[in-house]
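Assemble the whole structure, with the sequences as input and the hints as a guide.
Each protein sequence line maps, in turn, to chains A and B.
Mapping of the first sequence onto numbering that gives the first Met the number 0: position 374 corresponds to residue 373, and the numbering continues sequentially without gaps.
Mapping of the second sequence onto numbering that gives the first Met the number 0: position 290 corresponds to residue 289, and the numbering continues sequentially without gaps.
Calculated directly from the structure, the hints in this document are not laboratory data.
Positions of the beta carbon are idealized from the N, C-alpha and C atoms, including for glycine.
Restraint-style ranges between C-beta atoms, simulated for each label pair: (1) Gln221/A <-> Gln210/B: 51 to 57 Å; (2) Thr228/B <-> Val38/A: 36 to 42 Å; (3) Asp280/A <-> Glu360/B: 40 to 46 Å; (4) Lys316/B <-> His140/A: 49 to 55 Å; (5) Lys160/B <-> Phe281/A: 21 to 27 Å.
Number of protein chains: 2
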Amino acid sequence: MHKANDYSRSREAFSRACSLIPAGIYGHQGPVEGCYVPVEAYPLYASRAQGSYLWDLDGNRFIDYMCAYGPNILGYNDPDVDAAAAKQRAICDCTTLPHSIMVDLADLLVSTVKSADWAFFAKNGNDATTGAVMTARAYSHRKKIVFFKGYYHGVAPWTQKIDYPGIIPEDVANNLYVDWNDFDQLEQVFLANKGQIAALIAQPYMHGNFQDNVLPAEGFWQKVRKLCTEHDVVLILDDVRAGFRLDLAGSDHFYGFEADLICFCKALANGYNMSALCGKDFLKNAISSLSYTGSYWMSAVPFAAAIAAIQKMQRLKLPALLLKKGETLRSGLSAAGKKHGFDLHVSGEPALFYLRVADDESLMLHQAWVAECVQRGAFFTSHHNHFLNAALSDADIEETIAVAEEAFAAVKQRA
Amino acid sequence: MHKANDYSRSREAFSRACSLIPAGIYGHQGPVEGCYVPVEAYPLYASRAQGSYLWDLDGNRFIDYMCAYGPNILGYNDPDVDAAAAKQRAICDCTTLPHSIMVDLADLLVSTVKSADWAFFAKNGNDATTGAVMTARAYSHRKKIVFFKGYYHGVAPWTQKIDYPGIIPEDVANNLYVDWNDFDQLEQVFLANKGQIAALIAQPYMHGNFQDNVLPAEGFWQKVRKLCTEHDVVLILDDVRAGFRLDLAGSDHFYGFEADLICFCKALANGYNMSALCGKDFLKNAISSLSYTGSYWMSAVPFAAAIAAIQKMQRLKLPALLLKKGETLRSGLSAAGKKHGFDLHVSGEPALFYLRVADDESLMLHQAWVAECVQRGAFFTSHHNHFLNAALSDADIEETIAVAEEAFAAVKQRA
Numbered sequence: 000m001h002k003a004n005d006y007s008r009s010r011e012a013f014s015r016a017c018s019l020i021p022a023g024i025y026g027h028q029g030p031v032e033g034c035y036v037p038v039e040a041y042p043l044y045a046s047r048a049q050g051s052y053l054w055d056l057d058g059n060r061f062i063d064y065m066c067a068y069g070p071n072i073l074g075y076n077d078p079d080v081d082a083a084a085a086k087q088r089a090i091c092d093c094t095t096l097p098h099s100i101m102v103d104l105a106d107l108l109v110s111t112v113k114s115a116d117w118a119f120f121a122k123n124g125n126d127a128t129t130g131a132v133m134t135a136r137a138y139s140h141r142k143k144i145v146f147f148k149g150y151y152h153g154v155a156p157w158t159q160k161i162d163y164p165g166i167i168p169e170d171v172a173n174n175l176y177v178d179w180n181d182f183d184q185l186e187q188v189f190l191a192n193k194g195q196i197a198a199l200i201a202q203p204y205m206h207g208n209f210q211d212n213v214l215p216a217e218g219f220w221q222k223v224r225k226l227c228t229e230h231d232v233v234l235i236l237d238d239v240r241a242g243f244r245l246d247l248a249g250s251d252h253f254y255g256f257e258a259d260l261i262c263f264c265k266a267l268a269n270g271y272n273m274s275a276l277c278g279k280d281f282l283k284n285a286i287s288s289l290s291y292t293g294s295y296w297m298s299a300v301p302f303a304a305a306i307a308a309i310q311k312m313q314r315l316k317l318p319a320l321l322l323k324k325g326e327t328l329r330s331g332l333s334a335a336g337k338k339h340g341f342d343l344h345v346s347g348e349p350a351l352f353y354l355r356v357a358d359d360e361s362l363m364l365h366q367a368w369v370a371e372c373v374q375r376g377a378f379f380t381s382h383h384n385h386f387l388n389a390a391l392s393d394a395d396i397e398e399t400i401a402v403a404e405e406a407f408a409a410v411k412q413r414a
Numbered sequence: 000m001h002k003a004n005d006y007s008r009s010r011e012a013f014s015r016a017c018s019l020i021p022a023g024i025y026g027h028q029g030p031v032e033g034c035y036v037p038v039e040a041y042p043l044y045a046s047r048a049q050g051s052y053l054w055d056l057d058g059n060r061f062i063d064y065m066c067a068y069g070p071n072i073l074g075y076n077d078p079d080v081d082a083a084a085a086k087q088r089a090i091c092d093c094t095t096l097p098h099s100i101m102v103d104l105a106d107l108l109v110s111t112v113k114s115a116d117w118a119f120f121a122k123n124g125n126d127a128t129t130g131a132v133m134t135a136r137a138y139s140h141r142k143k144i145v146f147f148k149g150y151y152h153g154v155a156p157w158t159q160k161i162d163y164p165g166i167i168p169e170d171v172a173n174n175l176y177v178d179w180n181d182f183d184q185l186e187q188v189f190l191a192n193k194g195q196i197a198a199l200i201a202q203p204y205m206h207g208n209f210q211d212n213v214l215p216a217e218g219f220w221q222k223v224r225k226l227c228t229e230h231d232v233v234l235i236l237d238d239v240r241a242g243f244r245l246d247l248a249g250s251d252h253f254y255g256f257e258a259d260l261i262c263f264c265k266a267l268a269n270g271y272n273m274s275a276l277c278g279k280d281f282l283k284n285a286i287s288s289l290s291y292t293g294s295y296w297m298s299a300v301p302f303a304a305a306i307a308a309i310q311k312m313q314r315l316k317l318p319a320l321l322l323k324k325g326e327t328l329r330s331g332l333s334a335a336g337k338k339h340g341f342d343l344h345v346s347g348e349p350a351l352f353y354l355r356v357a358d359d360e361s362l363m364l365h366q367a368w369v370a371e372c373v374q375r376g377a378f379f380t381s382h383h384n385h386f387l388n389a390a391l392s393d394a395d396i397e398e399t400i401a402v403a404e405e406a407f408a409a410v411k412q413r414a
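Spelled out as C-alpha cells, the structure:
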C-alpha cells in the first residue's frame, strides 16, 4: 500500500489562515472551489515552483497539471520571461505615466492575434470580460447579453447567478442563457429579442467544471458568427482560459472564425499580472468612450513579461508542442485505465484536457483514482479541466502515466 | 523666458499608440482623465523612475507629485521592497496553490489596521470596493448603497454614473447620493429607506477632482458611525487613495472611528500589484460565501512586497513624515504665490494635497501656473489631488518651491 503524503505543515498553515482570512483560502485556489476532492489527498500551500513542478509546504513534489489554473504556460520561473521582467523592473514599473513598452506590446498583440485591430490592457480576466460587455453596450445602446450555459466569465456581478450570495436581481436582469452547440435555440433567442441584444459572450468551447468538456459542433462557430453579424450583435470571445494554448492567433482563429472582441489573461505573461482586451476597429471609439482604468493597468513589468512570453511561444511553436504532449498524455492515461479495466474519458482539447473515470455515476471512483494520483505526485483535480505547459518533459509524462497506472491498480485492489 | 521642454519622443510614441490602443492612453494615466491641462505642458510616457523622480521619454526629469496616482509611497524602486519581492520571485509567484506568505501578510495587516479582524486579497482597488458591496448585500439581504457626491470608488458598473457610456440603468438602480458632510440629509435618506440600505460607502474625506478637497466636519464621522450601527448599515471605508498616507492603522482610525469594511490598494505594496479588503468578524461569513476570485489574486510576489512596504512604513513612522513634508511644501507654495500676488489655495490632507490658484473662476490662471511648474520639472496636475512619498527630500521640496515661485513670476509677467 502506498504511503500517504504528509501534509501536516499545509494543515497547520490553513488552520492559522482560517482565523485571518475569509474561508482560509477563498476561490479557485482553495479546497472547495479548487475541486480538491477528496480534500485529504491534497496539499494546500506551495513552498516553491520550478518548470513543470510544484513543491508543497511539506516538501512533497508534484508534476503540476493545474499550472496555476492557466498562467503557467512556459514553465514556472521561465528564465527568458523573468529576465525580461527583471530588466524592466530596474527601469520602472508602476509610475505616473505609462512606459512606452506598452505600445510595443500592443503592436505585438495586434500582429499576433488575428481578430485584434487594437489592444487594451487591464489586470484581471474579469476586467477584460466586463470591459467587453461595457464596450458592446456603449456601441449598441442595447442591454441584453447572451451566455452559453456552463459558462465562466469571471466574478463581476453581471456574470454571476441570481441565487449567488451578494448578487441582486438587477445584476443579471439582462442575461439570456442558451445551450452550448444548440444553434436553433440561439437563433430563436436572437429573434425573440431582436434589436435588444448587445453581445454574445462565449468561451471557444465548453470547458466548464463537473462536466465532460464539449468541443464546438462542426460549422457551429461559422453559423454563430453569421448570425451575430446579421443582428449587429457584438461577438465576444472569452479566451481567458484557452488563449495561447490552442493558437497564438486566438482560439477564434483556431476554430475558423473571427470574434469582434477577444479577452486574454492567464497565459498572456506566464503568470505576471495582466489581462488584455483586443478587438475590431469598429469598436475602438466605443471602448475609448468608457470610464475604465485601474491603479496598475499600465505597470510596465508585466508588459515586458508578456512580450518575452509571446515571443518565446512563437519560437517554440507552442500550440503544436502542447498538442503533441497532450495527445501522448491522453493516450497513455487511457491505456493505463484500460489495463486495469477502467474507461478513462478524456475530453476537451489536449492542451487543457478534462478527465472522468466513466461508468461511475457517483463520481467516487473517479475521485478515488485522482486522489491516488495526487498522493503519488501527479497534481490533477477531480472536476476541473487541466493545463499543460512547455516545461513538461517526456520524462514527466512517462512518470505521470506510470503514476496513473499505479493509481488505477490501487483503486481496483480496494474495490 | 523659460525654454519649453522637448516632448517630441512622447508625441511620436503617442501617435503610434493611437493606432494600436484605444485613446492612445486611456484612463487616469492618459492626457484627458489625467487632468493634463494644458496638455502641451506635459510629457506622456515615462522612460525610467527612481525615488521621487520620474524621467520622461525625452529625458526630462520631474519631481513626481502624482506618485503613480498613489502607489509610490516609499519612492520608486525602493531597495527594501524590491529585494523582498525579488527573493520571493526566485521561489514562486503565481502557482496552483497559494504560498504561505499570504497568511503572514494577513497577520501583519490584521495587527496593523485597527478595524481589520481579517484580510482578503485581490488585484484592483475596484475588486476591493466591489467585494465590499457584495459582502454587505450578502450579509444584509438588502440592495441599496449610499454614496457621498463627488465620490470615486473604481470603475465597476455599479459605481459609475447613469449617463456614462456602457452603463445601463440597472447598474445604478440601487444607488442613493448624499452631500458630503451633510449629516441631516444622510439621516433623512436612511429614514426614507429604512431596512433597505445594505451599505454606506465613503472615502475618509472628499478628495474628488476639479474641486477643493474637503475634510470631515467636526464630529461628522462619529455621527455617521452611530447612524450606521443603529440602522444595521455596513459602513465601508474606501481607503484606496488615502490609505497608509494618513495613518497606518487606517484612515478611519485617523478620524477617530471604525469602519466595518476597509478597502486598500495603491500604497499597500509600493506599486506591486495588489489590493486588500479588510473587515470585522461579523462580516467574515458573508464574504466567505461569495464567489469571488481571480487568476492572480494569490500571487506571492506582491505579498512579499506588501510585507516589506508596511514594515518600512512602520520603521519610518511614515504618516508623520509625510505630514511634515506636506506642511513644509504647503507653506512654501503658498508663500511663493503671495510673493507675486497670488492666493494659492491648498486643500485636503498635506500628504495628498489639492492645489487651486484662487480668484480665477475660469481656471486658466491656475492651469497656466501648473503648466509653468511642469515645464520646470515639478510634476503637478491641474485638477487632481497630489501625493507625497518618503523619498521626497528636503532639497526636492526646496527645488519645488523655487520652481513654483518662478512659475508664479512667469504667469504674472504674461498677465
